[in-house]
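**Q** Here the structure of chain A is known, so what remains is to put chain B in place on it, guided by the hints.
Those protein sequence lines, which keep their order, are chains A and B. The numbers in our numbering rise by one with no breaks, and the one at position 193 of the first sequence is 469. The numbers in our numbering rise by one with no breaks, and the one at position 111 of the second sequence is 161.
Heads up, a few of these hints could be off.
[As the list claims (entries may be wrong)] In silico EDC-like links for lysine to aspartate or glutamate, alpha-carbon gap of 16 angstroms or less:
no.: 1; chain 1: B; residue 1: K66; chain 2: A; residue 2: E278
no.: 2; chain 1: B; residue 1: K161; chain 2: A; residue 2: E287
no.: 3; chain 1: B; residue 1: K111; chain 2: B; residue 2: D92
no.: 4; chain 1: B; residue 1: K66; chain 2: B; residue 2: E162
no.: 5; chain 1: B; residue 1: K75; chain 2: A; residue 2: E287
I should point out that these hints are in silico values taken from the structure, not numbers from a laboratory. On a predicted model such as this, the values are computed, not experimentally measured, just so you know.
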Amino acid sequence: MEEIRLIEVKEEILSDNIKQAGEVRKRLRKTKTMLLNLMSSPGSGKTSLILQTIEGLRGDLRLGVIEADIDSTVDAERVAARGIRAIQLRTGGFCHLDAAMVTQGIDAMDVSEFDMVIIENVGNLVCPAEFDTGAHKNVMILSVPEGDDKPLKYPLMFSVCDLLLVNKIDYLSLSDFDMAALRKRVLALNPRILILEVSCKTGAGIKSWIDWLKAEVAAFKRHE
Amino acid sequence: MHELPITESILKIVLKHAEGNRVQKVIAIHLQVGKLSDLEDDWIQRYFDYLSKGTIAEGAKLKIERTPVMMRCNGCSASYETDIVRMDDLVCPACGERGGTILSGREYTVKEMEVL
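Bound conformation, chain A alone (with noise of 0.2 angstroms):
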């Protein structure tokens, strides 16, 4: 009988992806397009807040969008009515969008004309946190009615981003939220994230984000 021999690999199954995504970056700081990434449920606000964004930034920064969607256009032609540069993605029953993904998208698009292009990747608090897309910076939102526990479900989530947007504070007084749990468990998962409570309904606190994504950029830009 023949015998069995033992092969060592030690080889990183996501590789391929991690190396894609460090070409990404690489491309787009050569380019200085700052990319963020914004990660949420479904439901939780992605695409009103960079309607948000679009406005709070018109005239101070050229901003392009990347949508991932499992199968609709719907996000991509919201944006677009608003005059902004949107690539849709249709990641056909994909749950996350990776880095070849985001290339395909930034291929479709003249890069060097914006100073960031946003990514809105899949309504998910599961996948998009374990794979690297190439962006600069992680943003989540996560949505007061989603409840202050989604720490506690989602770690991973909360551990990779730069910034939380707390939204829809506008339905604070009907809930039962707890900010300052939310805020103590998000901090001890990521003590060096920031967090933001917003409302793009209301429009309560999205300066201080259009704020932060200025000075993100100019920071890029410097090359900090």
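**A** Only chain B this time, still in chain A's reference frame:
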């Protein structure tokens, strides 16, 4: 939830190493997956069985070792193990400081394979 792309990568890595080592058949593949990942072992095996049909890795058994979630204390820099369900209330066993930075628990590695 994203077992399919992960399984595609596993198969690609396995076939690459098989080719370089004159392998006739892959019997088992040992994976190291961090406890922070949401992968379902059964689904990885099912996708693998489907994707590997007609290759020398067809029928190979995936053996998944779950690697622990390790934290580094933000106060005293001590490292300690935790669990996904305890991550909202992290307390450093050395100094009592709350919170920490994730050191490991996100691994996805093909460690080794048993072959003929």
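**Q** Now tell me if each hint is right for this structure.
**A** Outcome of the hint check:
Taking the CA atoms of K66(B) and E278(A), the gap is about 22 angstroms. The hint is violated against a cut of 16 angstroms. The suggested pairing of K161(B) with E287(A) holds, with an alpha-carbon distance near 7 angstroms, which does not exceed 16 angstroms. At roughly 11 angstroms between alpha-carbon atoms, K111(B) and D92(B) fall within 16 angstroms of each other, so this suggested pair holds. Note on K66(B) and E162(B): the hinted pairing holds, with a Cα-Cα distance of about 13 angstroms set against a maximum of 16 angstroms.
Simply put, K75(B) and E287(A) have alpha-carbon atoms about 19 angstroms apart, too far for the 16 angstroms limit, and the pair is violated.
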